[in-house]
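Asker: With chain A fixed as given, assemble chain B onto it according to the hints.
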Amino acid sequence: MIPVLLILIPLLSGLFLFFLKEEKAVKNFALIAALISLAVVVYAIALNPSGQLTYDTAWLPAIGSRFSLGIDGMGKMLILLTAISFPIVFISTSGNTYKNTAAFYALMLLTQCGLMGVFLATDALLFYFFWELALIPVYFLCSIWGGEKRIAVTFKFFIYTFVGSLLMLAGILFLHYKSEDGSFAIKALTSAHLDNFEQNFLFWLFFIAFAIKMPIFPLHTWQPDAYEQAPTAVTMILSGVMVKMGIFAVIRWLVPLFPQAAAGYANLVMILSITGMIYASLIAIKQDDIKRLIAYSSIAHIGLMCAAIFAHNQIGLEGVMIQMFNHGINVIGLWIVANAIEQQLHTRKFSELGGLAQTSPVLAILLVVMALANVALPLTNAFVGEFLMFNGLFQFNVWMAAVAGISIILAAVYTLNMIQKIFYGKTVAATEHAVDISNSVKWTLIFLVIVVLILGVYPQPLINLTKDTVNAIVANR
Amino acid sequence: MNAIIISALCGVVMMFSGIFTHNKTTIKNIAIAAMLVLLVANILNTYGIYSFRIDVNNMLRFQVFGLYFNSIVFLATLIYLILSGDDIINVGINPAEYFALIFFVLCGVSILSCFNNTLMLFLGIEILSIPLYILTGTDKRNLKSNEASLKYFLMGCFSTGILLMGITLLYGVTGDFSIDQLAVKGSVAAGMTNSGIIVPLGLIFIFIALSFKVSAAPFHFWTPDVYDGSPSVFTSFMATIVKAAGFIAFIRVFETRVPELGASARIIIPLVIICTLLVGNITAVFQQSVKRMLAYSSIAQAGFMLFALYSFNDIAKEGILLYTFAYSFATIGIFAVLIKMKDYTFEGFNGLSKKEPVLAATTTVFLLSLAGIPLTAGFFGKYYMLLSAIKANGQYALWLVIIAVLFAAVSVYYYFRVIQSMYFKDGDAETTEIKPAFKIALIILAALIILVGIFPSLVLNWLYF
Numbered sequence: 007m008i009p010v011l012l013i014l015i016p017l018l019s020g021l022f023l024f025f026l027k028e029e030k031a032v033k034n035f036a037l038i039a040a041l042i043s044l045a046v047v048v049y050a051i052a053l054n055p056s057g058q059l060t061y062d063t064a065w066l067p068a069i070g071s072r073f074s075l076g077i078d079g080m081g082k083m084l085i086l087l088t089a090i091s092f093p094i095v096f097i098s099t100s101g102n103t104y105k106n107t108a109a110f111y112a113l114m115l116l117t118q119c120g121l122m123g124v125f126l127a128t129d130a131l132l133f134y135f136f137w138e139l140a141l142i143p144v145y146f147l148c149s150i151w152g153g154e155k156r157i158a159v160t161f162k163f164f165i166y167t168f169v170g171s172l173l174m175l176a177g178i179l180f181l182h183y184k185s186e187d188g189s190f191a192i193k194a195l196t197s198a199h200l201d202n203f204e205q206n207f208l209f210w211l212f213f214i215a216f217a218i219k220m221p222i223f224p225l226h227t228w229q230p231d232a233y234e235q236a237p238t239a240v241t242m243i244l245s246g247v248m249v250k251m252g253i254f255a256v257i258r259w260l261v262p263l264f265p266q267a268a269a270g271y272a273n274l275v276m277i278l279s280i281t282g283m284i285y286a287s288l289i290a291i292k293q294d295d296i297k298r299l300i301a302y303s304s305i306a307h308i309g310l311m312c313a314a315i316f317a318h319n320q321i322g323l324e325g326v327m328i329q330m331f332n333h334g335i336n337v338i339g340l341w342i343v344a345n346a347i348e349q350q351l352h353t354r355k356f357s358e359l360g361g362l363a364q365t366s367p368v369l370a371i372l373l374v375v376m377a378l379a380n381v382a383l384p385l386t387n388a389f390v391g392e393f394l395m396f397n398g399l400f401q402f403n404v405w406m407a408a409v410a411g412i413s414i415i416l417a418a419v420y421t422l423n424m425i426q427k428i429f430y431g432k433t434v435a436a437t438e439h440a441v442d443i444s445n446s447v448k449w450t451l452i453f454l455v456i457v458v459l460i461l462g463v464y465p466q467p468l469i470n471l472t473k474d475t476v477n478a479i480v481a482n483r
Numbered sequence: 015m016n017a018i019i020i021s022a023l024c025g026v027v028m029m030f031s032g033i034f035t036h037n038k039t040t041i042k043n044i045a046i047a048a049m050l051v052l053l054v055a056n057i058l059n060t061y062g063i064y065s066f067r068i069d070v071n072n073m074l075r076f077q078v079f080g081l082y083f084n085s086i087v088f089l090a091t092l093i094y095l096i097l098s099g100d101d102i103i104n105v106g107i108n109p110a111e112y113f114a115l116i117f118f119v120l121c122g123v124s125i126l127s128c129f130n131n132t133l134m135l136f137l138g139i140e141i142l143s144i145p146l147y148i149l150t151g152t153d154k155r156n157l158k159s160n161e162a163s164l165k166y167f168l169m170g171c172f173s174t175g176i177l178l179m180g181i182t183l184l185y186g187v188t189g190d191f192s193i194d195q196l197a198v199k200g201s202v203a204a205g206m207t208n209s210g211i212i213v214p215l216g217l218i219f220i221f222i223a224l225s226f227k228v229s230a231a232p233f234h235f236w237t238p239d240v241y242d243g244s245p246s247v248f249t250s251f252m253a254t255i256v257k258a259a260g261f262i263a264f265i266r267v268f269e270t271r272v273p274e275l276g277a278s279a280r281i282i283i284p285l286v287i288i289c290t291l292l293v294g295n296i297t298a299v300f301q302q303s304v305k306r307m308l309a310y311s312s313i314a315q316a317g318f319m320l321f322a323l324y325s326f327n328d329i330a331k332e333g334i335l336l337y338t339f340a341y342s343f344a345t346i347g348i349f350a351v352l353i354k355m356k357d358y359t360f361e362g363f364n365g366l367s368k369k370e371p372v373l374a375a376t377t378t379v380f381l382l383s384l385a386g387i388p389l390t391a392g393f394f395g396k397y398y399m400l401l402s403a404i405k406a407n408g409q410y411a412l413w414l415v416i417i418a419v420l421f422a423a424v425s426v427y428y429y430f431r432v433i434q435s436m437y438f439k440d441g442d443a444e445t446t447e448i449k450p451a452f453k454i455a456l457i458i459l460a461a462l463i464i465l466v467g468i469f470p471s472l473v474l475n476w477l478y479f
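Heads up: the sequence lines are chains A and B, in that order. Under this note's numbering, the first residue of the first sequence is numbered 7, with each subsequent residue one higher. Under this note's numbering, the first residue of the second sequence is numbered 15, with each subsequent residue one higher.
Just so you know, these hints were derived from the structure itself, not from any lab. All of these numbers come straight from a predicted model, not from anything done at the bench. There may be inaccurate statements among the hints.
Quick look at which bits of chain B chain A covers, simulated, 3 or more residues with Cβ under 8 Å [unchecked claim]: (1) 387-396; (2) 416-429; (3) 432-445; (4) 464-474.
Listed below are the simulated DMTMM-like cross-link pairs for lysine to aspartate or glutamate, each with C-alpha atoms no more than 20 Å apart in a straight line [what the hints assert, rightly or not]: (5) B/Lys368 / A/Glu28; (6) B/Lys356 / B/Asp101; (7) B/Lys158 / B/Glu140; (8) B/Lys368 / B/Asp357; (9) B/Lys405 / A/Asp201; (10) A/Lys184 / A/Asp201; (11) B/Lys154 / B/Asp239; (12) A/Lys105 / A/Glu348; (13) A/Lys82 / A/Asp62; (14) B/Lys439 / A/Glu154; (15) A/Lys292 / A/Glu358; (16) A/Lys448 / A/Glu348; (17) B/Lys405 / A/Glu204; (18) B/Lys368 / A/Glu29; (19) B/Lys439 / B/Asp328; (20) B/Lys405 / A/Glu186; (21) A/Lys355 / A/Glu154; (22) B/Lys158 / B/Asp357; (23) A/Lys184 / B/Asp328; (24) A/Lys105 / B/Asp101; (25) A/Lys155 / B/Asp328; (26) A/Lys432 / A/Glu348; (27) A/Lys105 / B/Asp442; (28) A/Lys432 / A/Glu358; (29) A/Lys27 / B/Glu370; (30) B/Lys158 / B/Asp101; (31) A/Lys155 / A/Glu28; (32) A/Lys105 / B/Glu161; (33) B/Lys405 / A/Asp187; (34) A/Lys155 / B/Glu361; (35) B/Lys165 / B/Asp153.
Restraint ranges, calculated between C-beta atoms of paired labels, are given here [unchecked claim]: (36) B/Lys356 / A/Ile456: 57 to 63 Å; (37) B/Ala451 / A/Gln349: 29 to 35 Å; (38) A/Phe25 / B/Glu447: 24 to 30 Å.
Backbone N, C-alpha and C fix where the C-beta goes; we use that ideal spot for every residue, glycine too.
Next up, chain A with everything else stripped away, as it sits in the complex (with noise of 0.2 Å):
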């Protein structure tokens, strides 16, 4: 009954919410919401009651489809990851004022339906609907709240994921037709005997889906335009989380489909991904917009993760599950700062920044906390994820390990040099009159550097809920 629970209470929450109207309500009413999901969330997870975490009911009969909702490892850390996010999300930016605030939230809850649906299907042609559902609200929500270029970025955007999930469909028809029991269930669609061609095939249908949503070299163009104009709060929904589908989407679904394809491909693959990090971290070292170069340092960050999965060992498979959950902390973190800034000083510009550490000493200190956390410096979170990961590269083929590696040291330039040009330096003009941040933004801060911490010094929690996943993929070669 989780599952549904899971669904259902933004959903339901959601659609109420387009008929509230006092700004001050729905606020409430949101964060309300979203931290009834985290409850759910916290009590699945904490007391693991058996026989709750999987729902299975019949859907669509004729055509073999079902819908079945499951909670494995993997699915119980992202579901943690959305829902912790979202009550982030609204409290760090309830400063914000939006027209329609109410259409506002409600979408945000609806996407966090679709998340949620996404992270728990386990029937192939659910998932494919909750993976269109989660992109529609975000549509609207960019397009409507985002920055000037908006519409043309959003469109830009949807058509890219649209066409990418548009193949992944025609990919699901076939591997469904090829399953012996005529279902969409994981287990039916793994034992598809499918021949080579078919596989290698089917295999790139699913993979640019996912590899736009990621995004991966060079599929990637759609993203810092899209993160720069969406409204910031629907940014860090948009790289906290939502990137994690394709993440999450290899793992739960490309790679136990067609596990020879994924070998065959993986050196093709990992080159990709190791090209996209090195190109987006020298681009981010050029940037002079805050959100354009936390965009570009995201994709930095996800093509090592995607590069880690097709190095296919358990170490490297740890590291990526660590590290989606610190992703997703530290890059709402960073924008959580970054919209601090921009409704203060009304600029993301670096040239029209400088000496904010003198009038806003936490915000500093607490920035450089998640900065160097994004730099993955032991003690931080990031640093476990990324050195298993590394490591399971390392394993599999030296030279990838040493190429991708550069990114690390390109990382800690990108990101100094934040820190530096905002917060240092002389005052200007924009900054000599800034106080320092509110109190709803200080302690959602804090307690992200406190997450940041812990999970740097104990990372045991993460891999132990992870460990049953990775086992079954090792196990699965």
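Answerer: Below, chain B without anything else, positioned relative to chain A:
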């Protein structure tokens, strides 16, 4: 049988209603009541309750599939009359006759869904087409409407000629008009040296003629001008109900006969599908008027429906019903909104979401359905079409499916332009007066589309009761 006779009777009743009353609203209400009667009569017929028992010498065969198709089409027409009835009566000075013509078209539709004889096919097509030629030209003082009417008439005659030629060729070889007999005798005749080519040739002629009717490329040239030129209310009717009827006729003729077309069918049909998708989608992208965009997009949608001919299995038959439902309902909804707009260009929709949030929201649902986004009926329409192709031809169909989904992505481009105008752009979308009842009808229609988008079995299960 109920449907054919009652629809013709309703047509006559409507014609005379114009004599007894000049109140346009009364006429509209009579039409809606008559439509309701027709729908109920057809549903009763499906369950074996007849009002007329006529020996048709097996020239018509009433099967659940055809009758159920009638029900869907009649329901769509009912909704169409409720939504756009007020606009129909304002097209010209003879409202009663417009409704009469619509009922005559429905008579043609009910023949096309049940014929078992190529002569009845011809009759059905003609009964369907002739009222349409008139409806197209009802806006008498508008040059474009006249042009559309004449164009449609000439093209229609031309295609009917080809249809008759095909029927004649088949008759010449087999000596029979019956579709079942054709299948048997045709394959015997195909073995004879002289007539070997004639059977496929006849079938290809019929194929071409019906392609005209459903506006499949490269026989689509009349469509944009006719759809654009005729009064919008009748475009809505033509683009949905009439087109769907064309597909049903298509399926009835070729159901048993595709094997005879043999290898050529495996080449011709995919080619026509690709052409149709290409022409419809690419041209729609460049339109400035929403009405014209919908005309081209209706060509593109026909491309998807043609998948039913490519695959010919049970899923395809279920799929064409679902597609008819999804496509007709959504298109009727969009046209109902379009008619209320003062400006038919994309800019005319700017800012509609602020002025008329209900219209904007429901139009969004219709557009999402046409684009085939999950959670709408349109998704399952497309899904069934693609699935049927894969089931029929396995990996040989995969490339066709991939081309189709890429074109579906193109279609998102032009459908979403309307959404962008309504929601993301500022403007002052001008509409004519909108009644609360109209909004409620739109909401019900949108809810129906979403409901079927979650449970398509709601539509399909009726086939098996």
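Asker: Hint by hint, say whether it matches the structure.
Answerer: Quick rundown of the hints versus the structure:
1. With 3 residues carrying a beta carbon less than 8 Å from a beta carbon of chain A, the region 387-396 of chain B meets the three-residue requirement, and the given coverage holds.
2. Residue count for the region 416-429 of chain B with a Cβ under 8 Å from a Cβ of chain A: 7. That meets the three needed, and the coverage hint holds.
3. Taking a C-beta to C-beta cut-off of 8 Å, the region 432-445 of chain B contributes 4 residues in contact with chain A, enough for the three needed, and the coverage statement holds.
4. Counting residues of the region 464-474 of chain B whose C-beta lies closer than 8 Å to any C-beta of chain A gives 4; at least three are required, and the coverage claim holds.
5. Under the criterion of a C-alpha separation no larger than 20 Å, the hint pairing B/Lys368 with A/Glu28 is consistent with the structure, at around 18 Å.
6. Proposed proximity of B/Lys356 and B/Asp101 is supported: the alpha carbons are some 13 Å apart, at most 20 Å.
7. The straight-line distance between the Cα atoms of B/Lys158 and B/Glu140 is roughly 24 Å, outside the 20 Å bound, and the hint therefore fails.
8. Between B/Lys368 and B/Asp357, the direct Cα distance comes to roughly 17 Å. Compliance with the 20 Å bound is thereby established for this hinted pair.
9. A hinted pair counts as satisfied when its Cα atoms are at most 20 Å apart, and B/Lys405 with A/Asp201 qualifies at roughly 17 Å.
10. With a CA separation close to 11 Å, the supplied pair A/Lys184 and A/Asp201 stays within the 20 Å bound.
11. Of the pairs offered as hints, the one joining B/Lys154 and B/Asp239 holds, with about 16 Å between alpha carbons and a cut-off of 20 Å not exceeded.
12. Taking the CA atoms of A/Lys105 and A/Glu348, the gap is near 18 Å; set against the 20 Å cutoff, the hint holds.
13. Restraint check: the Cα-Cα separation between A/Lys82 and A/Asp62 comes to about 18 Å, which is no more than 20 Å; the hinted pair holds.
14. At roughly 12 Å between alpha-carbon atoms, B/Lys439 and A/Glu154 fall within 20 Å of each other, so this suggested pair holds.
15. Between A/Lys292 and A/Glu358 the CA atoms are separated by roughly 15 Å; this keeps the pair inside 20 Å, and the hint holds.
16. At most 20 Å may separate the alpha-carbon atoms for a hinted pair to count; A/Lys448 and A/Glu348 meet this at roughly 15 Å.
17. The hinted pair formed by B/Lys405 and A/Glu204 meets the criterion: a straight-line CA distance of about 15 Å does not exceed 20 Å.
18. With a C-alpha separation of about 18 Å, the suggested pair B/Lys368 and A/Glu29 falls inside the 20 Å cut-off, and the hint holds.
19. Distance hint between B/Lys439 and B/Asp328 is unfulfilled; the C-alpha atoms sit about 45 Å from each other, more than 20 Å.
20. A hinted pair counts as satisfied when its Cα atoms are at most 20 Å apart, and B/Lys405 with A/Glu186 qualifies at roughly 13 Å.
21. Pair hint A/Lys355 plus A/Glu154 holds up; C-alpha atoms about 16 Å apart against a cutoff of 20 Å.
22. For the hint linking B/Lys158 to B/Asp357, the alpha-carbon distance of about 17 Å falls within 20 Å, and the restraint holds.
23. A threshold of 20 Å between alpha carbons decides the hint, and for A/Lys184 with B/Asp328 the separation of about 18 Å falls inside it, so the pair holds.
24. Straight-line distance between C-alpha atoms of A/Lys105 and B/Asp101 comes to about 36 Å, which puts the hinted pair past the 20 Å bound.
25. Of the pairs offered as hints, the one joining A/Lys155 and B/Asp328 is violated, with about 47 Å between alpha carbons and a cut-off of 20 Å exceeded.
26. This hinted pair checks out: A/Lys432 and A/Glu348 have alpha carbons roughly 19 Å apart, not beyond 20 Å.
27. Restraint check for A/Lys105 and B/Asp442: the C-alpha separation of about 18 Å stays at or below 20 Å, so the hint holds.
28. Among the hinted pairs, A/Lys432 with A/Glu358 is consistent with the structure: their alpha-carbon atoms are about 11 Å apart, no more than 20 Å.
29. Pair hint A/Lys27 plus B/Glu370 holds up; C-alpha atoms about 18 Å apart against a cutoff of 20 Å.
30. A threshold of 20 Å between alpha carbons decides the hint, and for B/Lys158 with B/Asp101 the separation of about 19 Å falls inside it, so the pair holds.
31. A distance of roughly 29 Å separates the Cα atoms of A/Lys155 and A/Glu28; the hinted pair therefore is violated under the 20 Å criterion.
32. With a C-alpha separation of about 48 Å, the suggested pair A/Lys105 and B/Glu161 falls outside the 20 Å cut-off, and the hint is violated.
33. For a cut-off of 20 Å, the pair hint linking B/Lys405 to A/Asp187 stands: about 14 Å separates their Cα positions.
34. A threshold of 20 Å between alpha carbons decides the hint, and for A/Lys155 with B/Glu361 the separation of about 18 Å falls inside it, so the pair holds.
35. Using a Cα cut-off of 20 Å, the hinted pair B/Lys165 and B/Asp153 holds, with the two alpha carbons roughly 15 Å apart.
36. For the pair B/Lys356 and A/Ile456, the beta carbons lie near 59 Å from each other, so the given range of 57 to 63 Å is met.
37. The supplied range of 29 to 35 Å is broken by B/Ala451 and A/Gln349, whose beta-carbon atoms lie about 46 Å from each other.
38. Distance hint for A/Phe25 and B/Glu447: a CB-CB separation of about 26 Å, consistent with the stated range 24 to 30 Å.
Hints 7, 19, 24, 25, 31, 32 and 37 from the list above are not met by this structure, while the remaining hints are.
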